[in-house]
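Here my numbering runs 29 ahead of the position in the sequence shown, where the first position is 1.
Don't take every hint at face value.
No more than 25 Å apart at the CA atoms, straight line, and that leaves these computed lysine-lysine pairs for PhoX-like [claimed, not checked]:
no.: 1; residue 1: K129; residue 2: K108
no.: 2; residue 1: K34; residue 2: K94
no.: 3; residue 1: K45; residue 2: K125
no.: 4; residue 1: K125; residue 2: K108
no.: 5; residue 1: K45; residue 2: K70
no.: 6; residue 1: K70; residue 2: K60
no.: 7; residue 1: K94; residue 2: K45
no.: 8; residue 1: K34; residue 2: K108
no.: 9; residue 1: K45; residue 2: K68
Because the hints were derived from the structure by calculation, they are not lab data. Note that the coordinates shown come from a computational prediction; the quantities given were computed from them, not determined experimentally.
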Amino acid sequence: MTIQKGDFIRVSYTGKNDDRVFDTTDEEVAKSSGIYNEKGKYGGDVIIVGAGHTVAGLDEDFIGKDVGYTGSVTIPPEKAFGVRNPELIQTIPITKFEQKPQVGMPVQVDGRQGVVIRAIGRMVQVDFNRFLAGQTVT
Numbered sequence: 030m031t032i033q034k035g036d037f038i039r040v041s042y043t044g045k046n047d048d049r050v051f052d053t054t055d056e057e058v059a060k061s062s063g064i065y066n067e068k069g070k071y072g073g074d075v076i077i078v079g080a081g082h083t084v085a086g087l088d089e090d091f092i093g094k095d096v097g098y099t100g101s102v103t104i105p106p107e108k109a110f111g112v113r114n115p116e117l118i119q120t121i122p123i124t125k126f127e128q129k130p131q132v133g134m135p136v137q138v139d140g141r142q143g144v145v146i147r148a149i150g151r152m153v154q155v156d157f158n159r160f161l162a163g164q165t166v167t
């Protein structure tokens, strides 16, 4: 039986970028990769194929595969977390922050999630792109 759009399937996966694990349904992989979350659910996720429950490139890869399929897929940015938008890197006055901004620090500014990429004097550059935007993932 092959997987079709609209099918409910249980997916076990490990997402990587540059050989670094950023997400997984395997508890042991999560622990050994330093991303384990004790509140997380491990053992696989149930999704509806084609319903946008996962990145487009992975969703598309399922269609036509046999039930029980195992393998690897390389997903380009436009079918993973989107292309990087330079307009989403913004310079913001330091007075907008409750804590002293540090490079790499996740922040929320005007209801938007971002990451501090530079802090110079009274100005802070924040990247509001999605996590892994512009990156190829496997």
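Hint check:
1. Restraint check for K129 and K108: the C-alpha separation of about 35 Å exceeds 25 Å, so the hint is violated.
2. With a C-alpha separation of about 11 Å, the suggested pairing of K34 with K94 holds against the 25 Å cut-off.
3. Distance check on the hinted pair: K45 and K125 sit about 34 Å apart at the alpha-carbon level, beyond 25 Å; violated.
4. Restraint check for K125 and K108: the C-alpha separation of about 34 Å exceeds 25 Å, so the hint is violated.
5. A threshold of 25 Å between alpha carbons decides the hint, and for K45 with K70 the separation of about 18 Å falls inside it, so the pair holds.
6. The straight-line distance between the Cα atoms of K70 and K60 is roughly 13 Å, inside the 25 Å bound, and the hint therefore holds.
7. Note on K94 and K45: the hinted pairing holds, with a Cα-Cα distance of about 21 Å set against a maximum of 25 Å.
8. The straight-line distance between the Cα atoms of K34 and K108 is roughly 17 Å, inside the 25 Å bound, and the hint therefore holds.
9. For the hint linking K45 to K68, the alpha-carbon distance of about 21 Å falls within 25 Å, and the restraint holds.
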